[in-house]
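A.B. asks: From these two lone chains plus the hints, build me the complex, please.
Chains as they are written, first to last, in the UniProt record's numbering: chain D, 1 to 195; chain B, 1 to 279.
Honestly, the hints are just simulated from the structure, not real lab data. Careful, some of the hints might be misleading.
Here are the in silico distance ranges between beta carbons for each label pair [claimed, not checked]:
{"hint": "1", "chain 1": "B", "residue 1": "Phe87", "chain 2": "D", "residue 2": "Thr117", "range": "31 to 37 Å"}
{"hint": "2", "chain 1": "D", "residue 1": "Gly52", "chain 2": "B", "residue 2": "Asp38", "range": "32 to 38 Å"}
{"hint": "3", "chain 1": "D", "residue 1": "Thr31", "chain 2": "B", "residue 2": "Ile188", "range": "43 to 49 Å"}
{"hint": "4", "chain 1": "D", "residue 1": "Ile23", "chain 2": "B", "residue 2": "Lys204", "range": "53 to 59 Å"}
{"hint": "5", "chain 1": "B", "residue 1": "Ser85", "chain 2": "D", "residue 2": "Arg15", "range": "33 to 39 Å"}
{"hint": "6", "chain 1": "B", "residue 1": "Pro101", "chain 2": "D", "residue 2": "Gln53", "range": "28 to 34 Å"}
{"hint": "7", "chain 1": "D", "residue 1": "Asp127", "chain 2": "B", "residue 2": "Phe87", "range": "28 to 34 Å"}
Don't be surprised by glycine CBs; every beta carbon is placed ideally from N, CA and C.
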Amino acid sequence: MKSGNGHIVCVPGQRICEVSGNILAGEGTYTFNKYIYASLAGQVTVVPTEDGQVVKVTLGRQGTVMPEAGSVVTCRVLSVNPNQATVLIICVGSNKLHSPVSGTVKKQNVRDYQIDTVEMYNCFRPDDIILAAVLSLGDLRNYELSTAGTELGVVTAYCEEGHPLVPASWTTMKCKCRTERRKVAKVMPPKSTSA
Amino acid sequence: MGSRDSRRILGPEKSIPYSLLQTQEMKHFLAEDGLRWDGRSAVDPRKLFMSVGVISQAKGSSYLEVGNTKVCCGVYGPMDVQRGSDFNMSCKVLCEVKMAPFSCSVRKSPQPDKQQREMSRQLKDALETVIVLDKFPKSQIDVYLTVIEDDGGLLAACITAAGLAICHANIDVYDLVIGASLLWHDGILYADPTHHEEECEGHKIRNSGSEGGQLTVGIMPKYANGQVSLLVQGGQISADNLCEGLEVAVEICQRIYTLSRKTLIDYVEQSLEANSDSS
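Pulled out of the complex, with its shape left as it was, chain B reads as follows (with noise of 0.2 Å):
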């Protein structure tokens, strides 16, 4: 009784969802034809869809969508520190995902759970390092960001939507941030994985000295001639396969990168014709 959430109406306390008690058939990674599953091959990128400006409380906003996965990101500032924090010569980043109680198979608690926090906190490490911090004394930028669905490569899209979102408000930066996510399997490096894709991998048990594991990166294209500015890895990949992953990484982030520059530069010259009608 203690921890039911007095708000909702949620199903009776014994209930589970019934698709784990379904039959979960194996889909193979690879079939015959060297195709994935949802026909893509093994170093192919989802389709992505991007655009600015689609929240208008907030100062700057952006809503990504790469393959299923959705991600709708709202930046407040710089504004006033939050009473009780210290005083700072540069601005504080405060950074939260949070994900819709319908955005995965398995419906998620409203509370930030461990996967939220500890994505939300590899975030904010990953925008300090991209905003220009000393500009904004004594203040502090809010990155706000809902995920609408989980269809895999969520914190890259996180990073990707964060990065957008920035920029559209108006706040100094170094680069624009894009973000990827590959995983090994088998031996094979798939880009771009699935929800379903890293369910299987994730609960793959793992003898020792065999390879398998997921890489998320975020990075910085053009400043200092690319940069890294977020790495998370999970599993167990050899140091040469880790390389070769970063590079097909920046590629993939070269191809987010020419789209989402045409997005921004699409809204600026929306922008400046918007202004040159009204003055």
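With the rest of the complex left out, here is chain D (with noise of 0.2 Å):
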């Protein structure tokens, strides 16, 4: 592996390193044979975390990621019918992805409480912006999401006369001219401190 300023650099199919107890393949590496090698063209960085030390290979831009269940994703909605809302999920995580794909909010994993009573209307309209988890890869066309949690539904949106709307509880969202209803998020601020 070459490195320059400091930097270690690696293409894939470079060993890495050894398989040992508290060293473990991250993003960008796969292992084989007890060692590690690189899946990817970058910077070779250890990140220590309480499982032991995570080998991972990254370029500045971001990695190809794709939606897989559990990670959180934004997304925003294209159309919203009393069943679901469709939506094109934009990034994964911090990773932009690099060509959107199609997912679908169900209206019964909107909120966690009274599911049988949602109004899609009421929760998100046509180019909100969403943070919603993945519950599975769904079928062919389709992710399936979920935005029942507190941290999870519309982060930003605009009011039917182009206004940005601003939240002001659980289900509103104000702007200077009206108030709208939506499924809001609560976006915690970077470092806040845990209540």
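C.D. replies: See the structure below:
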């Protein structure tokens, strides 16, 4: 592996190290025959975690990730009908997808209380930006998503006249001319101390 | 009238290129001093040039020149599968080799012919062994190769270009894949043949028992101590010669691998510098 300016740089196929008790293979690597090899061209970093040390290969620009069950994704709502909302997944975690994929939020996955009486049009509107969690890979076209949870739901929205809305409560957002109903996400600021 | 391409201005229907009517001088493969007509010895490969990041719209791209053969590759993906495909837990690879009409001395039709479709299929099989398919369920990766000039060793150049472009696209792969091509003529092994040499070998009327043929190999140099991901052989070659040819091919691939690796490392270091400048 070459090093320049103190970075360790590698190409796919290069052997990084041996798999031992506390050294784990992270993103951008694969294990074969008890060794960890790189699978991306990038910088090798070792990140200490509670389980041990995780070896990752990353390049400054984001790695290629696809949504998998449990990941939190950022989506734009495309259309809303009484049973489900169709969304376009644009980011997975903090990685922007090069080509967006489709997902759906079904009526029973919008919130975790009173799931039968959900009115979709009072939860999402087209062009809202929402945070959702991936439930499963879904079917061929769409991932299955859920917004049940306090930190999931609408993050950014515009009112019918085009003014930006700010959260006012769990179910309403306000702008300067009106109040609209949404399923609002409680977005935690980055350096919040836990309550 | 039915098969005429109405989008392009073509010559008269009965026209053929004049080069087919010229007397073809059969250049000797090896002159008396042991060199081929372009000055190489029988086992010398041609000069290489590689670069990545040539197509801005593509997720990853590469440009490769082997002698006069010029190939450009663009990789898109992983993205949603096309409508109408099956649900698959591993990724689909779609590969298309397109030869520009001006790439050969005889104009090629813009529609892919049998040779291009066959190369696309062989390349797809090779790339499916290299990419970590399980990482991208329900997705497909598109690899588009454009041949700008064909001067021999085309499939090998395509494999190398595709391998580079996929690495540039930040798609997980087991290893870099490199291609090499060889030719046997009159019992002598020639490394990295040019188009003229391939044609002369291809046109030779072969009696049963006489040897001659071509070999294209795609190799992953480092994965599991070296794996072959593509092997295409044509003609009649004995098993011993084939084994010897494979060893020569592996050597050529090692040389190309050094340049591929350097190209990718230069690109990574450039990216890292750009990121640290901007942050």
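A.B. asks: All hints, please: hold or fail.
C.D. replies: Going down the list of hints, with the structure as the test:
Range check, Phe87/B to Thr117/D: about 33 Å between beta-carbon atoms, so the 31 to 37 Å window is met. The given range of 32 to 38 Å is broken by Gly52/D and Asp38/B, whose C-beta atoms sit roughly 56 Å from each other. Look at Thr31/D against Ile188/B: about 44 Å separates their beta carbons, and that is inside 43 to 49 Å. Hint check: Ile23/D to Lys204/B, Cβ distance near 57 Å, so the stated range 53 to 59 Å holds.
Taking 33 to 39 Å as the suggested C-beta distance range, the pair Ser85/B and Arg15/D conforms, at roughly 36 Å. Remark: the range hint 28 to 34 Å for Pro101/B to Gln53/D is contradicted by a beta-carbon distance near 55 Å. For Asp127/D and Phe87/B, the hinted distance range of 28 to 34 Å is satisfied, since their beta carbons lie about 29 Å from each other.
Against the hints set out earlier in the document, violations occur for numbers 2 and 6.
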